[in-house]
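Chain B is fixed; fit chain S onto it per the hints.
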Amino acid sequence: MDQLSAVIHPEKSPVHYFRGGAGAPLLYLHHIAGLQGWEPAIAELATRFDVIAPYHPGWGPSEGIDEVDDGLDFVLHYIDFLDHLGLEQVHVLGHSIGAWIAAEIAAIRPDRVMKLVLANPVGIWEESIGGEDPFAQNPMRATEVLFADPARRENLVLRDGIMDVLENYVQEMKDLKAAAKFLWPLPDTGVIKRLPRIKAHTIVVTGAGDRFVPPAYGQVWRNQLEWAEAKTILDAGHLANLEQPNRFATIAGSWFMAP
Amino acid sequence: MKFHWFNLMPYPYLPEDFRQKHRSVWVDVDSRLYDPVKGHQIYNDYLDLLEFAAELGFDGVGVNEHHANAYGLMPSPAIMAATLARRTRDVSIVLLGQSIALYNPPTRVAEEMAMLDVISGGRLIAGFPVGTSMDTNYAFGSNPATLRERYAENHDLIIRAWTDPDVFAWNGKFNKLRYVNVWPRPIQKPHPPIWIPGGGSVETWDFCAEKEYNYSYLSFSGFKRGAQLMTGFWDRLDALGKPFNPYQGSFAQQIIVADSDAEAEESYFQHARYFFERCLHVYPGFADAPGYRTEATIRAGLKSQVGGVSSGGAVGKSYRQCVDEGFLVSGDPKQVTEQMEHLITSLKVGHVFCLMHIGDMPRDKCEKSTRLFADHVMPKLRHLWEGYEDLWSPRPLDAGLIASPRPIRPAVRA
Numbered sequence: 001m002d003q004l005s006a007v008i009h010p011e012k013s014p015v016h017y018f019r020g021g022a023g024a025p026l027l028y029l030h031h032i033a034g035l036q037g038w039e040p041a042i043a044e045l046a047t048r049f050d051v052i053a054p055y056h057p058g059w060g061p062s063e064g065i066d067e068v069d070d071g072l073d074f075v076l077h078y079i080d081f082l083d084h085l086g087l088e089q090v091h092v093l094g095h096s097i098g099a100w101i102a103a104e105i106a107a108i109r110p111d112r113v114m115k116l117v118l119a120n121p122v123g124i125w126e127e128s129i130g131g132e133d134p135f136a137q138n139p140m141r142a143t144e145v146l147f148a149d150p151a152r153r154e155n156l157v158l159r160d161g162i163m164d165v166l167e168n169y170v171q172e173m174k175d176l177k178a179a180a181k182f183l184w185p186l187p188d189t190g191v192i193k194r195l196p197r198i199k200a201h202t203i204v205v206t207g208a209g210d211r212f213v214p215p216a217y218g219q220v221w222r223n224q225l226e227w228a229e230a231k232t233i234l235d236a237g238h239l240a241n242l243e244q245p246n247r248f249a250t251i252a253g254s255w256f257m258a259p
Numbered sequence: 001m002k003f004h005w006f007n008l009m010p011y012p013y014l015p016e017d018f019r020q021k022h023r024s025v026w027v028d029v030d031s032r033l034y035d036p037v038k039g040h041q042i043y044n045d046y047l048d049l050l051e052f053a054a055e056l057g058f059d060g061v062g063v064n065e066h067h068a069n070a071y072g073l074m075p076s077p078a079i080m081a082a083t084l085a086r087r088t089r090d091v092s093i094v095l096l097g098q099s100i101a102l103y104n105p106p107t108r109v110a111e112e113m114a115m116l117d118v119i120s121g122g123r124l125i126a127g128f129p130v131g132t133s134m135d136t137n138y139a140f141g142s143n144p145a146t147l148r149e150r151y152a153e154n155h156d157l158i159i160r161a162w163t164d165p166d167v168f169a170w171n172g173k174f175n176k177l178r179y180v181n182v183w184p185r186p187i188q189k190p191h192p193p194i195w196i197p198g199g200g201s202v203e204t205w206d207f208c209a210e211k212e213y214n215y216s217y218l219s220f221s222g223f224k225r226g227a228q229l230m231t232g233f234w235d236r237l238d239a240l241g242k243p244f245n246p247y248q249g250s251f252a253q254q255i256i257v258a259d260s261d262a263e264a265e266e267s268y269f270q271h272a273r274y275f276f277e278r279c280l281h282v283y284p285g286f287a288d289a290p291g292y293r294t295e296a297t298i299r300a301g302l303k304s305q306v307g308g309v310s311s312g313g314a315v316g317k318s319y320r321q322c323v324d325e326g327f328l329v330s331g332d333p334k335q336v337t338e339q340m341e342h343l344i345t346s347l348k349v350g351h352v353f354c355l356m357h358i359g360d361m362p363r364d365k366c367e368k369s370t371r372l373f374a375d376h377v378m379p380k381l382r383h384l385w386e387g388y389e390d391l392w393s394p395r396p397l398d399a400g401l402i403a404s405p406r407p408i409r410p411a412v413r414a
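As given, the protein sequences belong to chains B and S, one line each in that order.
When we follow the numbering used here, the leftmost residue of the first sequence carries the number 1, and every step to the right adds one.
When we follow the numbering used here, the leftmost residue of the second sequence carries the number 1, and every step to the right adds one.
Just so you know, these hints were derived from the structure itself, not from any lab.
Don't take each hint at face value.
Derived, one-sided and incomplete: chain B residues facing chain S with beta-carbon distance under 8 Å [stated by the list, open to error]: (1) Arg-19; (2) Gly-20; (3) Gly-131; (4) Phe-135; (5) Lys-174.
Being a predicted model, the structure only gives us computed values, none of them experimental.
Idealized CB from N, CA, C, for every residue including glycine.
Excised from the complex, chain B in its bound form:
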């Protein structure tokens, strides 16, 4: 695995990303609270794919939140990134806010996407389903709500004391601020009207214990997609990639590998 950065436009912020593994190219678009580095689920996918996992503009070490204002800006950002890498077509695994971005890419540039996984997808709001507000949490435990078992945050985010609590707080606020720019005050990005444009075969993955995007949203997304299946991961919240990395990677990997 390499930790890399790419300058796509001289006047724009560089894209920071991880790349590792071998196989068909797989673009991994992370959740609202960023990337925990080369996560176990990503490492497992890298045994079968050439995984490219960028930080979105404004998350982690990436600056440039001012360079993206909406979904179209995200699509252009990632199409330019793929062009820079010389990748004509990729599998796309979008998780959380990354699933929204992945869906926009697949809807607007269907020619660039082979197969699609939308995990815990954010971007549709239905009052009858609702969902907890990820931006109205106790700031010192801001990401607990993203776990089916809140106690796992201690291990999976704070790394049992390896992460400095205050630095982690500053980083979480930066990541959630970037997410808020697109999801405040309700996580409705308008993507629902573009979903029927998606041609890529898609699996919608939900977490049975996702309090932010309750699993009932899986069916709402699936109903708008022409070629879609759905799966639910048990004992996983919104950050299913961290809570159940094997299941998460197996479902996504199998989907991409299937004929």
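Showing chain S alone in chain B's frame:
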């Protein structure tokens, strides 16, 4: 030295077990707790108290803006300021203010403040708060990631709307207007004095210093905890080579004056406890939306105030602790005079917002405390900061030009 009488307008009927049964006084506070019939009496009592303070010689009467908040019943402060503009004659109308980032287009603020300045004969102080996260982000839905950028643009637009005599087009990021043309225009030129209420953002110090605005530090933690922030502002001014003038700083303080310290404790302290325990009961998840505070401010405040959660500082403290720690300035007139002199000279402020109505204090007690302050405390402190010119108070019309509103008369019987 100038004194302004200020009232947050709390709802005084929150139940005894409010802290236990409800998670927040703000944002998602249960509307079933509000009785509009009682509310009618409360609003009129509170407005009467402001007018009473004006008659006693306070320099200004103040109102502010909160939303979905059971301790601040002024979602539209301009409405309150409008009644005061008609019912007072010579005090400053301290509108602290309208949260300028919330109005779309913000020319609405320029219009309403100009109306108030004209109705009052040039007595308006124009407060431009960012607003709390509870008000702006949660109750009003404004995006915390762009709130400060929007604030800056709206500020620039309002100032230009007041000062450019020509119709102009505004092509901003958040506002696009083909024809900006505010009618009426304010009496005060180039515009009413601008005061910036701040809760401790480091950027606000620089903004006030550069624009030469008044920095008003508002907190309920009292003057001993406020010293660090006021000092930070004076230090920034000094570092930028700007001259010191105490009238460029304001501070809000909760004050009780009684005939004796014992009376303040026995009769008045219960109302401060109501405020600390019920009114400041804010769910921490609403205190600090991601992006509301800049990274610089978070880092500056990390050690002392992790998470920015300020509620409950005085909860469970005794009367003596609250006075010793500065949450309350309280006692008999002599004691209050001493504490106020300490506050004014240690913070070096030329304006104090006297929060004299606290929590569920009934009107008669508040009138007594206010009168004691006006008669026995204010006169002893007026001399402070002699020699400095107050460049941040309104410049009203000459008395000969001030209109006389028709007095309210008894109903005519049929």
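If you take the shortest Cβ to Cβ gap from B:Phe-135 to chain S, is it below 8 Å? At about 6 Å, which falls below the 8 Å cut-off, the nearest Cβ of chain S leaves the hint on B:Phe-135 intact, so it holds.
Using the nearest Cβ pair, does B:Gly-131 come within less than 8 Å of chain S? violated, 15 Å
Checking hints one by one. Is B:Gly-20 an interface residue toward chain S, by the C-beta closer than 8 Å rule? violated, 30 Å
Less than 8 Å between beta-carbons is the criterion; does B:Arg-19 satisfy it with respect to chain S? Status violated, d = 28 Å.
Should the hint that B:Lys-174 touches chain S count as held when the rule is a Cβ pair under 8 Å? holds, 7 Å
Of the numbered hints stated above, those contradicted by the structure are hints 1, 2 and 3, listed in ascending order.
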